[in-house]
Amino acid sequence: MGVAVMISTAFFLALLNDMFFAMIPAIGFALVFNVPPKALKYCAIGGALGHGCRFALMHWGLSIEWATLCAATLVGMIGVHWSHRFLAHPKVFTVAAMIPMVPGVFAFKAMIALVEINHRGFTPELWGLLVENMLKAVFIVASLAIGLAMPGLLFYRRRPVV
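Oh and the sequence shown: position 118 is 191 in the working numbering, straight run, nothing missing.
Keep in mind the hints are simulated off the structure, nothing from the lab. Where a beta carbon is used, it is the ideal one built from N, C-alpha and C, also for glycine.
Each pair of labels, with its calculated beta carbon distance range:
no. : residue 1 : residue 2 : range
1   : Leu-160   : Leu-227   : 16 to 26 Å
2   : Tyr-229   : Glu-198   : 38 to 48 Å
3   : Leu-89    : Phe-159   : 24 to 34 Å
4   : Phe-228   : Trp-200   : 40 to 50 Å
5   : Phe-181   : Ile-97    : 14 to 24 Å
6   : Leu-160   : Thr-196   : 50 to 60 Å
7   : His-192   : Leu-226   : 37 to 47 Å
8   : Val-188   : Phe-159   : 44 to 54 Å
9   : Asn-107   : Phe-228   : 24 to 34 Å
10  : Phe-94    : Ile-219   : 18 to 28 Å
Subject to a maximum C-alpha distance of 20 Å in a straight line, what follows is the list of computed PhoX-like cross-link-like pairs (lysine-lysine):
no. : residue 1 : residue 2
11  : Lys-111   : Lys-164
12  : Lys-114   : Lys-164
13  : Lys-182   : Lys-209
Build the full structure now, drawing on both the sequences and the hints.
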């Protein structure tokens, strides 16, 4: 019993840490995008919930691409709810909240591999590194875009799905 409590406490503390540090870029980019001051806290909460959801899903074994899709869909749904509640466009709440999930590390590693191929020449290891990181970055960005569009696809359709 004691070990399970320690593991769940460690996970909970790591989740809180992840969520706190995801709030910072969400607020920063909300300021860059000129989000109204009253909406800044919602951007921070959205960023924390999205990144925390992705962190938890990855902890439970889901790949980063699928975890990002689920987290982006969650942020999109919450953004639609807040937009109805506060009479603002959903993008006010969602775009800045998605920024912490942008795959900068994978894109950077792909660019470094590309520069190394250009500098040193082709090797199968560098090519594999380039392709792996580039595809991962592309799929994560696609997951963010699809997750952001999901509420519009589900709620704002003029024709029925079936």
